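Number of protein chains: 2
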Amino acid sequence: MTKIKDKGDFTLPGEAGYEDLTLELAEKWGADAIRDSDGTVLSDKIISADYDIYSTICLVRGDNEWARANTDKLQQNYLMSDPVIADGDKITIDLLSGFFREQFKVNGHDDPKTWWQVFDRTTGEQFPKDQWDFDRTTNTVTITNVKKWHKYTVNFLAYRIWEAISMYNHITNEWGDREHLMPVDPIYPEAQKFMLSYLQKWLDAHPKTKIVRFTSMFYNFAWFWGDPAHQRFRYADWGSYEMTVSPLAMTLFAKAKGYRMTSEDFVNNGAYCSSHNVPSGRLLEWMDFMHSFVVNFGRQCIDLIHRAGKVAYMFYDDHWVGTEPYSEQFKNMGFDGLIKCVFNAFEARLCAGVQGPVIKELRLHPYLFPTGLKGEPTFQPGGDPARDARKFWANIRRGLLREPVDRIGLGGYLHLVQNFPDFVETIEEITQEFRTLKQCHALGVPYTAPLKVALLTAWGKQRSWVYAGHFIHGMELYEVTEALAGLPVNVTFISFQDILKTGIPENIDVIINAGKAGTAWSGGEHWKNEKIIEKMTEWIAGGGGYIGVGEPSAVQHSSQYFQLAHVLGVDREIGLTLNNIKLTGIISGNKHFILKDMEKNIDFGKDIDNIFALDKSTTVLSQTNGSVQIALNRFGKGHTVYLSGFKFTPENTRLLHRSMFWAADRQKNFGPWTCSNVRTDCAFYPGTKQCVVVNSSDKAEKTQVFDENGHSIDVELKPHGIKIIDV
Amino acid sequence: MTKIKDKGDFTLPGEAGYEDLTLELAEKWGADAIRDSDGTVLSDKIISADYDIYSTICLVRGDNEWARANTDKLQQNYLMSDPVIADGDKITIDLLSGFFREQFKVNGHDDPKTWWQVFDRTTGEQFPKDQWDFDRTTNTVTITNVKKWHKYTVNFLAYRIWEAISMYNHITNEWGDREHLMPVDPIYPEAQKFMLSYLQKWLDAHPKTKIVRFTSMFYNFAWFWGDPAHQRFRYADWGSYEMTVSPLAMTLFAKAKGYRMTSEDFVNNGAYCSSHNVPSGRLLEWMDFMHSFVVNFGRQCIDLIHRAGKVAYMFYDDHWVGTEPYSEQFKNMGFDGLIKCVFNAFEARLCAGVQGPVIKELRLHPYLFPTGLKGEPTFQPGGDPARDARKFWANIRRGLLREPVDRIGLGGYLHLVQNFPDFVETIEEITQEFRTLKQCHALGVPYTAPLKVALLTAWGKQRSWVYAGHFIHGMELYEVTEALAGLPVNVTFISFQDILKTGIPENIDVIINAGKAGTAWSGGEHWKNEKIIEKMTEWIAGGGGYIGVGEPSAVQHSSQYFQLAHVLGVDREIGLTLNNIKLTGIISGNKHFILKDMEKNIDFGKDIDNIFALDKSTTVLSQTNGSVQIALNRFGKGHTVYLSGFKFTPENTRLLHRSMFWAADRQKNFGPWTCSNVRTDCAFYPGTKQCVVVNSSDKAEKTQVFDENGHSIDVELKPHGIKIIDV
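If you read the sequences in order, they're chains R and U.
Quick note: the first sequence uses numbering that gives the first Met the number 0, first residue 0, plus one each step.
Quick note: the second sequence uses numbering that gives the first Met the number 0, first residue 0, plus one each step.
Looking at chain R on its own, in the form it has when it is part of the complex:
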C-alpha cells in the first residue's frame, strides 16, 4: 500500500486577528485550503500564506445598501396568521402575532385582495374577499360577517427583513447591534442585474481567492421564527420551497404553466409545503419552475466566476433550495464543488451520491460556535467538542466506508478552539482517518453485496438520502436510512410516479416503504391508486422482496388500512374493527435467520401499535403489548418483512441487513465482509486488497471479520477505533 499522505483535502476556517493560530492549526491538521466564515474575514497574512483561499459569498444578502433601497424586492413568503376564534360577527387579526417581528414584515405593497386568502378553518372553506379588509397602519385584517365560534386565519405575504441564516448566526454568536442583513429576491430583473455586477466587483476585489463558495444560491430552506420569548423556531424544513414565493414568481409561473398557484397551495392548512407531506402535483410543478430559474440564473453567476479564473463551490445547505443536486438539470449549473454539513452517515451519502464531476466536501460538526444546533453548549463551559466530534465522525465514517467524498473541513470561528486542546487532537486524528479512507477508495469501489434495495417514497430520487432536516429521530425512514447508509448493499430511491411511469426497475431486489400513514415517506394517498397496488403486488408475487416499516402502504381506504396487507400478512387496528377479533400471534419458536445477531429484546424505540396478523400463514417473530413487532410473510414467489418501527442501533441495523437478504430470498449469500460484532462495520476494497474495520461504539470492541470464503479474522478495536487489514 502506498504511504497515506498526511496533508491536504482539508479546509480550515481562518480568522483575522488569530493569524498565528490559523497557520499553526493549518499545519497541524494538514489543511490545503483556508476559508472565511459568515462574520469573519481573512487577513493578508493568512491570504499570503501558501494555501488555497476559499471565500464565501452570499449574493442575496451581499449588499444591504441595495436591499434597503429596494425593499419591494426583498424575499417573501406566505404565512398563515395564528387562528382567531370569532366571539362575535367581526374579528380583527394581528397578522404577525406569534411570529418574530424582526424576521417578517407584512407585504402591503402587492394587492392583498389579489394575493391573500382568508379561511374559515372550522369548515376549511375560503372566506369571501369582499368580507375582509387589510389595515396598512396596524397590519391587521378585519373580517366581517364571520360565523360566531368559527376559527379564522389569513394567508398573507410577508417580506423577510432579516435573512434567516444570518439571523441565526447573529443571535447564536451574540453579534449585538450589528446590522441585520436582508435577503434580496433575484426573481426581479433589476436584482439579477445588481447581483451580477456585485459579483463581478467582488471577484475583482478577491484576486487571491481560488474557490468561490456560495452560501449558497438564492433561496434558503424554510425557516419561520416565532415570538422568541416562547417559541423561536416555529417551522423549519430543509427541503421545502416556501421561501421562493413572490407575486412576480407566481405570475411568471402562471404564464409558463397555464394556471395560478394560490396562497393555500403554499400554506396548506398551516402545514405549509413540509417535506413530510405528500407533495401535490401543483407543488411539484412549482418546484420544477423555481428549479429552472435557479439553474439558469445560477449558471450566469458561475460563468462570471469561471471567466475570472476561479472555481465555484456550493454549500449544500443554506440557500440550497432550487438547486436540486439530484436533478438532471443540476449539471447545467456548472458547479465545481459541493460542500455539505453533516452529522451522520446518510448525510455523507447525500453529498457523495450527487452525480457529476464535482468535488465533494463534508463540513464536519461541531461547528466552531459556542452552541450546537439545538442550543446545547459546545465551545463554552459545559461543552465537550472533542467528544461530539468523535461521535459525529464515527457515524459519518460508516457512510464513507461505502462511498467516498473528496475533502473534509470545519466552519465557524477558530479562536473558540483555544481552550479545547482535546478537540485539536481529535481533528488531527479525524483528518488522518479521512485520508486513509479516501486512499482505499482511490483504486475502485468497495465490495458491495449483489443486492439492490430501493426506498419507496412520494419524493423518490429527488430526496435521496435526506428528508426534512437533521435529527428527526423517531421518524422511521430517517432511522432506516441511517442504518442503510453504512451497509454493503446498493441503495436507490424511487417514487410512486416512477412506478407508474416506468414500473419497478428490473435490477431491484428489495423495496422498503417506511413511515407513518399519510406522510410522503409512507406514501399517503398514492396507496389509493389501484395501479400502484397492481404493480407492487405483481412484482412481489414474481419474487420481489418488500420490507414495510411502521405504517407501510397505510391509508384509510376500502376494507384494509395497509393497502398491501395481503402481501405483508399484517394490518393495523385503528379502533374501528375492535370487534373483529384478532388472531393470537403465534411466535415462531426458533431463532430466525433475521434475528440471529440480536443480543437483547427487540427495541424499535417506539412501535406502531395494534398490529395484527391476518392469517395463520403469517410468521410472527416478535410481539409487544399484544401487537406484532416483526412478521414475515410469503406471497407468490415474494418474501415480505414487517417491522413495527425502527431505531438506528447496531442491533437493528443488523436486523435490517438480514431482513433485506431474507426478503430477497438470498439468505445463503449473507456473510461476506460482515462483522460478527454488530457494533463494528467493515469494508473490503478489492483495488487495494485492504479491509477497513471500524468501531462505531465508544467502548473497545473485539470482532471477527468474515471474508468471501467464510474465513474469519479477529480484530480488536479501540473506542471509535479503526484498523486497516491487508488481506
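Hints are computed from structural coordinates only; laboratory data are not their basis.
No incorrect hints appear here.
A short list of chain R residues far from chain U (calculated; beta carbon distances all over 12 Å):
no.	residue
1	Leu22
2	Glu23
3	Thr39
4	Thr70
5	Asn168
6	Gly257
7	Asp287
8	His290
9	Lys390
10	Glu402
11	Arg406
12	Phe669
13	Glu715
14	Ile723
Computed list of lysine-lysine pairs in DSS-like fashion (alpha-carbon distance at most 27 Å, straight line):
no.	chain 1	residue 1	chain 2	residue 2
15	U	Lys534	R	Lys146
16	R	Lys595	R	Lys717
17	R	Lys581	U	Lys605
18	U	Lys451	U	Lys688
19	U	Lys147	R	Lys534
20	R	Lys390	R	Lys4
Bear in mind that the values here come from a model prediction, so they are computed numbers and not experimental data.
Each residue gets a CB set at the ideal place from its N, CA and C atoms; glycine is no exception.
Start from chain R and add chain U according to the hints.
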C-alpha cells in the same frame, strides 16, 4: 336501622339430580327463587319446594323440529367472504372459507343476484353483477374479468344453523353429540304463529312457574365464529344488529322507509355494524325499524304470559338485540323484570338505569361453568371461583353504592360448586352485603354532588353505560365509564344528534368526550359538522366544562386534528406537521388540585402520543416521551381538561373525579362524602343516615371519610371489606 333481612332477593340455579344440594344452598344463600339454565331442568322435588320458580325459555331455538322443517325461515346474516387476490382474470371464492361451517350455511334460497354484492376491495368499488356467478353445489362464487392483483370479496347471506349462545354453551360445557339448536326468525308470519302457539303450550305445561325468563327475545348480539382451529371468535359485538337481517325484513324496511338497505350497509368493508363505528343514518333507521318489530311481536308474547298469570323477565344479554331498554318504546313491551349479567360497576349501572317499573336483577359472575368467558379455568382445577366472585363483586358494588337493583342471582350448573366450599361461603357474604345495600337505598337516594356530567358519543343515550361488550380494556371510554359508575356525581349520555336537535341540556356541568379518532366514542365525522363546533365552543365559552380523553373531537379536517383544539389548548401531531416545531411543554410546578391524591406517576396504561400544547397559555401538568399527558386550559368562562388516555385505577378515578370539579369550576365544592384513601369509596344515605364505606382492593385499608362539614371519620376495612357507619 331496621335489621337487615337475611333472606330473599336471590335467584339460585337449580339442577335436577342435585336436589339436596339445590335446597341446601337455597337455604344457605337465602334464595327466594330457583331457576333452570340452558341445558338443565328442575325436578319435581325442587319445583314443589317453597320457592318461586323461574323458568327460562328461548322462543327462537325452542323447537328444533319446527326449525328443521322450515330451514328457509332460519335466522340469517350477511358475511363478507375472506378476501381473495386475483392472480389471473378469473377467481373462485369459497364463501365460507375461514368461517365456522357448523354455525353458517350459505343461503342459496334467496336470489344471490338480488341480495348479494361483490366488491373489488382494492378500489372499494362494487363489481358488476353480470360478471359473477354462484355455484350452489360448491357454495362458491366465480368472478370473471377481474383485474389481476386486485382483492375481491363477496357479501353473501348465510343462514345460522347453530344458535350462537346454545353453540357457546354446548362447546364450553362439552355437550358432545347433543343436537345443535337452530334459530328461527320471527320476521316470518308463520314463525310468529308457531312461536305464539309454542309459548302457549309451554305456559300450560309449566303451572308451577311464576317467572318466565326470556333468554331473551329474538335476535342475539352479533357473534360470528371462525374456523375454530385457529380463530374461534371472528366478530363479536354486544350491541350490533347484524343478526337481524333477512330478505323479508329488508323488503318490509324498504316499504316502510322508502329505500332499500344493501348488503354493504351491514358488511361495511368487513367492519360490519360494530358499535365502535359511527353509525350511519341508514343503520340507525334499520335499528329503529327492527326495534319496533321486536317491541310489537314481543308484546304479543308477554301478553300471553300475563294472561297465564305469570310474570315475564328479560335477560338483558343473549338475544336482547332489538329490545333497547333505554328507548321510549321499551316500556310498551310490558316486561316485569330485567336480568343483566355483570362483571363490573358500569354494567350494574346499565341495568339499574333502565327507566320503568321493572324488577332489576344482576346475574353475578363467575357463572357456574367450567371455564370463564375467555376460556380461563373457573370451576375446574386451576380455577379460584371464590377469588373471582369477590373481585367482580367489589367492582359491581361500587356501582350499587350509587344506584340500586332489586335482586341478584347466579347461573349455570350448580353441581360444579361442590368442590369449592370457599365459593359457597363467599356467595353467602355477597348476598348479605347486597341486602344491606338494598336496604340503604330503600329510604331514598344517596348523596350525590351537585355536578352533572354528560358522556358525548355518536350513540348517546341509546348506549348508556355500555359499549360493545365486556372487557374492552384500553378503550378509553370503557375505562372512564367504569370510574364514573362508582362516583357520587350525576351521569348522563348525549349524542351529537341531541346537540343538533335540542342543544346541550341546561343542567349539564361537564361534557366528557373520550376515544380514538374515527370511532363512535370520539365522534368521527360528526366533528366536521360546523354546528357541533359552534354549539360546543359557545357552551364552553359560556362556562361549560369539557374533558377530552385520548383523541377527543379528532378527525382529519382543515387545519386542526382535534377540532376542539382551540378550547383544549392541545392538538396531536400525526406526522404531517413535524416541521411545525412544537412548544416545549412547561410543566406547572405546584401540585395542582386535580393531582392532589396521586401517589405515583401518571399511568394511563397507554397514552395517545405526540400531543403538544398550542400555546403557552395551556397548563401542562404531565408529559411523557415529549408528549403531553395532562393539560388544562381556559376558554372564555369555561375550563377544559385533556387526558392522553385513561385506565380504571383508584388513582385515575380520583383524578377524573377532581378533573370534573375543576372543569365545572367547583373546586371548592369537592370533598363531601369522599374518602382520603383512593382505594376506598363511600356513599351517604340521608334516608337512613348511614354511610357505607367499601374497600375495592384485595388488601386491608385505612381511610378517612369526609362529611359535608369537612369532618372526618376514620375507618379500617378488610380486603374487599365493607362497613356501615351510623352518622
